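Sequences are here, hints too, so could you generate the full structure?
The residues making up each chain are set out below.
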Amino acid sequence: MMLKTVFSKSGDRKTLVFAGIGATIGLVLLMIAVQIYVDVYSIVQDKNKQNDYIVLKKGISTLNTLGLKSSKFTPDELDELSKQDFVSKVAPFKSGNGFEVLVILSFGSGNFPPFSTLAFFESLPDDFLDVQPKEWKWQEGNKEVPIILPNTFLDAYNYGIAPSMGAPQASKDLIKSVRFQLKISGDKGNALYFGKVVGFSDRVNSILVPDNFLCYLNKNYGNGDTEQFSRIIIATTNKQNPKIKTYLKSHNYETNNELIKENMMQQIALGLFSSLSFIGIVIVFLSVLNLLLYAQVSIAKNKIQIKILFLLGYKWQAIAKALLRQFVWVYGVVFLIASILLIVLKWFWSVWLQNIMSIHVSVFASIITFVVGLAFILLFLFLNYNNIKVQVKNLFEA
Amino acid sequence: MKFFLKNIIPAPLIDEDLSASEIWGKEIELECSQRYFLSSGSGKGKSTLLNILYGLRKDYEGIVFAEQRKLKDFSMDDWAEWRSSKLAYLPQNLQLINHLTVYENLVLKNQLTDSYSSEEIHSFLDKLGITELKDRMVSTLSIGQQQRVALIRSLLQPFDFLLLDEPFSNLDEDNIQKALDLVHAICKQQNAGYLIATLGYDYGIKTNKMLLL
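So the protein lines, in turn, are chains X and G. Numbering of the first sequence is given in the working numbering, commencing with residue 1 and proceeding in unit increments. Numbering of the second sequence is given in the working numbering, commencing with residue 1 and proceeding in unit increments.
Any given hint could be a false lead.
[Claimed, not checked] Here are the in silico distance ranges between beta carbons for each label pair:
| # | chain 1 | residue 1 | chain 2 | residue 2 | range |
| --- | --- | --- | --- | --- | --- |
| 1 | G | S19 | X | K321 | 26 to 34 Å |
| 2 | G | S19 | X | K303 | 35 to 43 Å |
| 3 | G | R69 | X | K321 | 24 to 32 Å |
| 4 | G | K26 | X | L378 | 49 to 57 Å |
| 5 | G | N208 | X | N394 | 36 to 44 Å |
| 6 | G | D135 | X | V297 | 27 to 35 Å |
| 7 | G | S19 | X | T15 | 53 to 61 Å |
| 8 | G | R69 | X | F278 | 48 to 56 Å |
| 9 | X | L293 | G | T207 | 34 to 42 Å |
| 10 | G | T131 | X | V333 | 40 to 48 Å |
| 11 | X | L293 | G | Y201 | 31 to 39 Å |
[To be verified] DSBU-like cross-link-like pairs, simulated, lysine-lysine; straight-line CA separation at most 35 Å:
| # | chain 1 | residue 1 | chain 2 | residue 2 |
| --- | --- | --- | --- | --- |
| 12 | G | K86 | G | K178 |
| 13 | X | K57 | X | K188 |
| 14 | G | K206 | X | K303 |
| 15 | G | K70 | X | K389 |
| 16 | G | K134 | X | K393 |
| 17 | X | K183 | X | K137 |
| 18 | G | K58 | G | K2 |
| 19 | G | K127 | X | K307 |
| 20 | X | K315 | X | K14 |
| 21 | G | K2 | G | K188 |
| 22 | G | K178 | X | K303 |
| 23 | G | K209 | X | K4 |
| 24 | G | K127 | G | K6 |
| 25 | G | K70 | X | K301 |
| 26 | X | K303 | G | K72 |
| 27 | G | K2 | G | K26 |
| 28 | X | K307 | G | K6 |
| 29 | G | K70 | X | K321 |
| 30 | X | K57 | X | K89 |
| 31 | X | K321 | G | K58 |
| 32 | G | K86 | X | K307 |
| 33 | X | K307 | X | K389 |
| 34 | G | K209 | G | K2 |
| 35 | G | K6 | X | K315 |
| 36 | G | K58 | X | K393 |
| 37 | X | K315 | G | K58 |
I should point out that these hints are in silico values taken from the structure, not numbers from a laboratory. Predicted, not measured: the structure shown is a model, and the values here were computed from it. Cβ atoms here follow ideal geometry from the backbone N, Cα and C, with glycine treated the same way.
Here's what the structure looks like:
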């Protein structure tokens, strides 16, 4: 096309290259910001699809120590809690009542020290558990009792007890393979069971046994099931609901600080998104402004050629398109490089999230990010075309 | 096609005595199939008239009609259409693109309407004796050579009327004759007329109508 030759022999290439580099950096920042937003949104969405679980307890004060105040939840309190709109279900931690549990662990040989300790059992309805091992069942007459331990117990052993006692660390599989004795002693009699760890829970920080086993122990060796509970667990569809925090505070209920941590994470992600978006938009618009100025300079430099083209009978649209063509490939290259950089950075970002934060997000950049990037490119092309159109038309009238 | 000029007075000549002019301030019809010489001394507005007819100037009083339409009402697209299919023009200052070769300048015009083949364009160059210059940058040519290139370029389109502004001012007699032969041949082929602005020369052609400006 001869028109390309008419214009390509003028214009400062350096300006074009620098403006292109600026636009690429700006666009990458913008696309990263969008990708972070998409990732955070998908993590929050994933979490919202499931129930969040919050363990509640009452704050302990000196009054509790002196026996002037109870730290137990009453049935009325449970009832009121279950009526709150942020609660989808609620259950108390059922605990052993009126009997003692002695855990005896003896390997007979090997490097592990013999171990015995008093322990306590609690139980929860199965649908509140984050692990559901197939061995998780007990029937009257069974001597073997499945147990779920909190992950924090294993961590405490592996990173606290074992190093301090010079004992070897234990894997989850090893712990699961060990049978240990459970000596139950109550007013109504004694019994011996064998415990076997069948799973580890992140959600519940307690030693759990099947609910029917605990009821059986309470009934046969203790004082029966109690109607008062020191800890309860609630399921909610939105852990970020501000009503939860207000309600807990007004009732002096305590929880773990996970809520605050998650809020903080979201705040950080939002802050990162906002600042990256802002910086990206500023850089990208400065670069686009540069490209608009480049177009104006280019048109000014080609003023004579453009006037000759009008004289020959060329339409302004053809001239504007020919001038725009040089920007189409610039923006094309900008989008291509920005997309490649985004793909690479996204891969590193998802691996980092997986390894450091244990958060799984796709290693592939979202299609939304590319669409947003492309939309910006089209917007810039539109701005450039309009700018060129006005300049070229003015030359016809001049 | 015809032009009708009604009391035209261009802005630069508004205070001049134009009573002797057959065009300025008068009503005159230009039949596009006819051949005209537009004759006057320097500074009387020959280029101005051609520029008005080609839509390059609008600073005048009076009205110019073309096919019953006022020229001042033409849009940008209208002019693009006319300049590529009805009116051909060789301006006095030639308006060639200096950083393109002779051939590129010609293709730039021809590709608008694809009126002539490459062979035909080469034959025009040959007729005016500038074939060997076709790959030279226009900026390296003499004014006379550039004038011949610009003349060929003005012919590379369909047209009803050809406007030539002092087209032979830098040519010798031999080259003027060759150029006139080419102009006549193409105009005959296209069934078109022309208006040649001159400083009073008729190039030996007595049959054309002479308009005094």
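These are the hints, each one checked on the structure:
Separation of S19 (chain G) from K321 (chain X) is about 49 Å and departs from the stated range, judged on CB atoms against 26 to 34 Å. Taken as a hint, the range 35 to 43 Å holds for the pair S19 (chain G) and K303 (chain X), whose Cβ atoms sit roughly 39 Å apart. At about 28 Å, the beta-carbon gap between R69 (chain G) and K321 (chain X) stays in the expected band of 24 to 32 Å. Checked against the given bound of 49 to 57 Å, the beta carbons of K26 (chain G) and L378 (chain X), roughly 56 Å apart, stay inside it.
Evaluation of the 36 to 44 Å hint for N208 (chain G) and N394 (chain X) yields a pass: the beta carbon distance comes to about 39 Å. At roughly 30 Å, the beta carbons of D135 (chain G) and V297 (chain X) sit within the given window of 27 to 35 Å. Checking the proposed 53 to 61 Å range against S19 (chain G) and T15 (chain X) shows it holds: the Cβ atoms sit about 56 Å from each other. For the hinted restraint 48 to 56 Å between R69 (chain G) and F278 (chain X), the CB-CB distance of approximately 55 Å keeps it satisfied.
Restraint check, L293 (chain X) to T207 (chain G): a C-beta distance of roughly 57 Å breaks the suggested window 34 to 42 Å. The supplied range of 40 to 48 Å is met by T131 (chain G) and V333 (chain X), whose beta-carbon atoms lie about 41 Å from each other. The supplied range of 31 to 39 Å is broken by L293 (chain X) and Y201 (chain G), whose beta-carbon atoms lie about 50 Å from each other. The straight-line distance between the Cα atoms of K86 (chain G) and K178 (chain G) is roughly 24 Å, inside the 35 Å bound, and the hint therefore holds.
Proximity of K57 (chain X) to K188 (chain X) is assessed by CA-CA distance (about 30 Å); at most 35 Å being required, the pair is judged to hold. Among the hinted pairs, K206 (chain G) with K303 (chain X) is inconsistent with the structure: their alpha-carbon atoms are about 41 Å apart, more than 35 Å. Proximity of K70 (chain G) to K389 (chain X) is assessed by CA-CA distance (about 26 Å); at most 35 Å being required, the pair is judged to hold. Proximity of K134 (chain G) to K393 (chain X) is assessed by CA-CA distance (about 32 Å); at most 35 Å being required, the pair is judged to hold.
Among the hinted pairs, K183 (chain X) with K137 (chain X) is consistent with the structure: their alpha-carbon atoms are about 20 Å apart, no more than 35 Å. Under the criterion of a C-alpha separation no larger than 35 Å, the hint pairing K58 (chain G) with K2 (chain G) is consistent with the structure, at around 19 Å. At most 35 Å may separate the alpha-carbon atoms for a hinted pair to count; K127 (chain G) and K307 (chain X) meet this at roughly 29 Å. A C-alpha spacing of about 30 Å is found between K315 (chain X) and K14 (chain X), which places the hinted pair at or below 35 Å, so the restraint holds.
The straight-line distance between the Cα atoms of K2 (chain G) and K188 (chain G) is roughly 17 Å, inside the 35 Å bound, and the hint therefore holds. For the hint pairing K178 (chain G) with K303 (chain X), the CA-to-CA distance comes to about 34 Å; that is within 35 Å, so the pair holds. At most 35 Å may separate the alpha-carbon atoms for a hinted pair to count; K209 (chain G) and K4 (chain X) exceed this at roughly 42 Å. The suggested pairing of K127 (chain G) with K6 (chain G) is violated, with an alpha-carbon distance near 39 Å, which exceeds 35 Å.
The straight-line distance between the Cα atoms of K70 (chain G) and K301 (chain X) is roughly 33 Å, inside the 35 Å bound, and the hint therefore holds. Taking the CA atoms of K303 (chain X) and K72 (chain G), the gap is near 23 Å; set against the 35 Å cutoff, the hint holds. In summary, the hint linking K2 (chain G) to K26 (chain G) is supported, as the alpha carbons are separated by about 16 Å, within the 35 Å threshold. At roughly 28 Å between alpha-carbon atoms, K307 (chain X) and K6 (chain G) fall within 35 Å of each other, so this suggested pair holds.
Distance hint between K70 (chain G) and K321 (chain X) is fulfilled; the C-alpha atoms sit about 30 Å from each other, no more than 35 Å. Only pairs whose Cα atoms come within 35 Å are accepted, and K57 (chain X) paired with K89 (chain X) is accepted, the gap being roughly 16 Å. For the given pair, K321 (chain X) sits about 27 Å from K58 (chain G) by alpha-carbon distance, which is consistent with the 35 Å threshold. For a cut-off of 35 Å, the pair hint linking K86 (chain G) to K307 (chain X) stands: about 19 Å separates their Cα positions.
Proposed proximity of K307 (chain X) and K389 (chain X) is supported: the alpha carbons are some 14 Å apart, at most 35 Å. Restraint check: the Cα-Cα separation between K209 (chain G) and K2 (chain G) comes to about 15 Å, which is no more than 35 Å; the hinted pair holds. Annotation: proposed proximity of K6 (chain G) to K315 (chain X) holds, straight-line Cα distance about 29 Å (limit 35 Å). Only pairs whose Cα atoms come within 35 Å are accepted, and K58 (chain G) paired with K393 (chain X) is accepted, the gap being roughly 16 Å.
About 19 Å separates the Cα atoms of K315 (chain X) and K58 (chain G), which keeps this hinted pair within 35 Å; it holds.
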